[in-house]
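Combine both chains into one complex, guided by the hints.
Listed in order, the protein sequences are those of chains F and E.
Everything in the first sequence is counted per our numbering, starting at 920 for the first residue and increasing by one.
Everything in the second sequence is counted per our numbering, starting at 9 for the first residue and increasing by one.
A couple of the hints might just be wrong.
Residues of chain F placed beyond 12 Å of chain E at every Cβ, according to the derived structure [to be verified]: (1) TRP959; (2) ASN1004; (3) ALA1046; (4) ARG1132; (5) LEU1139; (6) ALA1144; (7) ARG1188; (8) VAL1190; (9) LEU1212; (10) PRO1223.
Facing chain E, according to a computed beta carbon distance under 10 Å, are these residues of chain F, among others [claimed, not checked]: (11) GLY949; (12) VAL951; (13) SER968; (14) VAL1036; (15) LEU1099; (16) TYR1119; (17) ALA1121.
Derived by calculation from the structure, the hints in this document are not laboratory data.
These figures come from a predicted structure and were not determined experimentally.
We put the CB at the ideal spot given by N, CA and C, even for glycine.
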Amino acid sequence: MTTAHDSTRLRLVILTVLVLVCLLVGLAAGTVPLSLGQVWHGLWRADTSASVIVRDLRAPRVLLAFAVGGSLAVCGAALQAMIRNPLAEPYLLGLSGGAGLGAVIAIATEATGPWSVPLAAFVGAIAAVALVYRLSVVAGRRLDPRVLLLSGVVVGSFAGALMSAIIVLSPAAGIRNAFLWLLGGFGAASWRSLGVFAAYAALPLAIIGLNGRNLDLVALGEEPAHHLGTDVDRTRRVIYACTALLTAASVATCGIIGFVGLVVPHAVRTVARPLHRTLLPLVFVVGGSFLVLSDVLSRTVVRPLELPVGVITALVGVPLFAVLLRRTMA
Amino acid sequence: MSTASPPSCTARLRPRGWAVSISGLYARLLAFAALLVGLTACRTAVPPGPAATLLVDDAGDTVRVAGAARRIVSLIPAATELLFAIGAGSRVVGRTEWCDFPDAAARVPNLGDGINPNVEAVLASRPDLVILYNSAQNAAIAGRLRALGIASARLNTDALSDVGRVGRILGRLTGRVAGADSVAAVFDTALARATAAAGPRRPKVLLLVWEQPPMTIGRGSFLSELVERAGGVNLFADVTASAGTVSIEAVTARDPDLILTTAEGPASFAERPEWQAVRAVRERRFLPVSGSEYNRPSPRAPGAIRELARRLRARA
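Bound conformation, chain E alone (with noise of 0.2 Å):
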């Protein structure tokens, strides 16, 4: 058992030859058994060898993969994103519903929303590594899985920082060191080259990404960083929540050049009467943004900076 390998363990959890003489719900709870003996028996029989990968994610847990991860599942989109950038989108065997960049995700089985994933789901794809958000709900998550022996990676992907940072974890766990190093400093370099230098007059911007109630977004998110690398102002950079409900007499007093909508369609709440008080509704002055790259840090960002520079500049 010493030398078994992955490989060999992955083979022992489709116990197909003997299910099919077996009908019914005793077949598929002698697999389930059979399946969870398997886990157990990988995760006791495989020590963690020379070329195992070591290292800690940013919910502090030790990530250990033997050698490179083979089969990932992905629940982040960011996540996905970056592992085809890396060059290690054909190892993705499972992603969220959201994961929708580059075209090639799309062909990955659709394991969910990625909020309170269904662990059999991510147990049926086999995964040697699952790619978590790194919030307190995944915990628990992540403890399940451990306990079954796939190793997972919870992994905070908020801004435009973590492009860079989570590209190379993700390099290391998939042994892409080189192309994660070249996808993180492409990615620094465009960043830097798409951020607008400081105008005379930066338009205040609202970021509005629901209408009733009104909810902004604050300080230090994505979108916020994307707004102000472009030239632009949040409106409500004083809120250090990652987003919250505003009223309209705040936006009113404060006066937005402009307000920037995540919704797809006409912006209806521009209809309501008691929106008529701000300047930028009564002028129509709306930037309706669509498209993950907006929503997402991606190696995308530095392009759609530049989108959103131009379209400041052309409404300024």
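Bound conformation, chain F alone (with noise of 0.2 Å):
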């Protein structure tokens, strides 16, 4: 028993340490090269010149991508588990159309503002999950997986449509641009946004936390479920809007980032197989510096220019995960 109580401990060490190493390096990587002297004085003391890139750019943005690849991750384990496929993803409900929509809808109005574009994006999020969401009630009394995956699906490329077609009309300058805004990154991270990104995702990150053993018994079958006595239908709704919403609140703030949602929870489980009370933390964390290392990735492989974080995820995740594929099924 003490064994067993001594090798979570270091486990846990062993992460923590992980997840560190993962900050510092985000820290300390970057367009500008800095040494780690110069990144340590310039978080504590503000006159030092690298103090605004570490302090004001830096941080929040690798603090950001934590959160954001976190959130993204936990989205996915919770829509694998409640869904009971294993293709589900943050994306798959029709949010990323939504949201790619309402930007370029706000790119061809030429809305001004300085968040006129991350708003718009959330928006059309919104609208494009309560869309999917009352057809799948509608075809079916009760929330069915099923149905609400082929709405998603759906309602996805019906948005993806209408934004080309915007695209092609428009006869606003740059509006060809949306698609790189929609690809992700990081580069407009701030403390607001953080902040406000941080504020907003607390509340649903905690209630799918608080839904473990829903989630544990959901993922066992309805049937058993049921018997267990979880309410699946009201589960199933919980998962779902807590999900689209921060799904919807990581496109708004740093654009459409694929493969974390899906490919992280997998790659957690390969190596261990816990119970979600579990797994949700250990696929937040990993997820969370999957993302910071992706980030370091694109504003430092071809300096000074940046790449889209999206393109590294699927570059560096899907060979690791091929790798970690094979030898759990040898």
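Here it is in structure tokens:
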């Protein structure tokens, strides 16, 4: 009993160290090469030349990447359990299409104001989610995961078609750059955007976390879950609402970052298959660290240019995942 | 048939006399078939006479125009401007949505944004020469036009050096060689005169062409050339791509003296917190430019350089 407890504690320590190393790498690496000493001084003293870069640009950027990566991964894990489909991921429910449509409309109508594009993306995402939900509930009185998946795909395609039509027809200069914004990145991170995201994400994350036991049961199947005393329908609605809100917030802050929500939960499960109470925090930490490191690559590989972080998550994540998959299948 | 000249061919492309008697879809189908037959006939019927103009375009293809081009569809705004400058403006029968200079160009029918041009719309304007931007995308269009017997030239219009060069190509294709030579000569002189002598301190200018994400223009691109000749330095002259996304961190570290924006209206990014790390944003050192002389190489470039130089000196 004590050995099991000790090994848990050891794993916790290792994980904490890993996270800290990731955050530190995120602070130390970037377009401008800084030594660890400069980073350290820049962090605590406002007068050094590095302090603007470290304190105002890199620190919020790293923390935002961590929070968004963790949130997307948790959404993916919860949706995979709820829909009982390994392909479930945060953008499946029409969110990416809706967010894209919102952003494109904002750019096409030349809406001014520093926050018009993210706000429009958020509104678009929420509208798409509401439509998907409405379609799924109409089809059957209860929230059927299969109908939900189909509605999500259908609404996503519809929004995508509208988006393409607007991009082709709009006379707005730079409308084609809307795609660049959608491809995702943390270049626009600030303490304010981090604060907004954190304030917003805290509640849905907590609710998903508290539904760990329900997720364990729902993942077993509708019948067993029902017999073991879970209100399956209610769990589905709650999880659906929380993941939708979380994903919409992340799209609004940093565009569409694929792959994290799909593969990080699977990757964690290939190593360990704990209950959701443990799995969800684990997935959050791994997803966050993965996105922090991806963001580091996105701003260093083609200095002084930046690559969209979604490109990195797929380029680095797919081979990693393939290796993990082979090892567990063997 | 061997004596058939281009005007008789174009006459055959308009089978209006009988088309009106047959209604609806059939009429259109027949008209289209007749159009195709007519075009094919033209293609086989017109031998490269002694007056044919032959030259190699920027894509490496041979362009052959019988005599001088009389009906030109120009799908590059810079080429439209040059055609008017060399005195061939009255022959332009189709343009892009962006061809806004000179004012007379606006009266030419608009055939769309010039990207992925609609071949039917191009055919409907009965051109004997189509000017296309030299992109991989336009290779297929050029091939289709060639199959229909219509000459096309794919041209690069990216740099200041293209103005005189493309002007002379268009001069040969339209038979306005003397006009083109004088436009090119005047342009070269004006360019040399407008180019600012390197001052003691050249301001570093961030060329911000898009805000979210921040995108800039690399070395050798047209706008970069304008700024360098006006006495400024492109903050990202080390970027070799024509445009690229850069981080605010890189901008902060390089500390531009001025931020040139191409957006019309107020710079809304200036209100965002992450941009406050950049000194030029805090001090509101913006240089907004609008007007098509800043986004395409044209005979107006020397004027744009002089204007930029004046504003750079005023803000220095």
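A quick look at each hint next to the structure:
1. Chain E leaves TRP959(F) outside its interface by the beta-carbon criterion, the shortest separation being 18 Å against a cut-off of 12 Å.
2. With a least beta-carbon separation of about 33 Å from chain E, ASN1004(F) lies farther than 12 Å from that chain, consistent with its non-interface assignment.
3. The Cβ of ALA1046(F) sits about 21 Å from the closest Cβ of chain E, beyond the 12 Å cut-off, so the non-interface label holds.
4. The Cβ of ARG1132(F) lies farther than 12 Å from every Cβ of chain E, with a closest approach of about 40 Å, so its non-interface assignment holds.
5. Its beta-carbon lying about 44 Å from the closest one in chain E, LEU1139(F) satisfies the requirement of being farther than 12 Å from that chain.
6. Annotated as non-interface, ALA1144(F) keeps its C-beta farther than 12 Å from every C-beta of chain E; the closest such distance is 44 Å.
7. Here ARG1188(F) stays apart from chain E, with its beta-carbon at least about 34 Å from theirs, past the 12 Å limit.
8. Residue placement check: VAL1190(F) keeps its beta carbon more than 12 Å from all beta carbons of chain E (closest about 33 Å).
9. At roughly 16 Å from the closest C-beta of chain E, the C-beta of LEU1212(F) stays outside 12 Å, upholding its exclusion from the interface.
10. Look at PRO1223(F): its CB is around 4 Å from the nearest CB on chain E, not clear of 12 Å, so calling it non-interface is violated.
11. Interface restraint check: GLY949(F) against chain E, minimum CB-CB distance 5 Å, threshold 10 Å, status holds.
12. A distance limit of 10 Å between C-beta atoms decides the matter here; for VAL951(F) the minimum to chain E is near 4 Å, and the interface restraint holds.
13. Interface restraint check: SER968(F) against chain E, minimum CB-CB distance 9 Å, threshold 10 Å, status holds.
14. Evaluation of the VAL1036(F) hint against chain E yields a held restraint, the C-beta minimum of about 6 Å falling below 10 Å.
15. Hint status for LEU1099(F) relative to chain E: holds, with the closest Cβ pair at about 6 Å, below 10 Å.
16. Interface hint status for TYR1119(F): violated, as the beta-carbon distance to the closest one in chain E is roughly 17 Å, over 10 Å.
17. The beta carbon of ALA1121(F) comes no nearer than 21 Å to any beta carbon in chain E, farther than 10 Å, and the hint placing it at the interface is violated.
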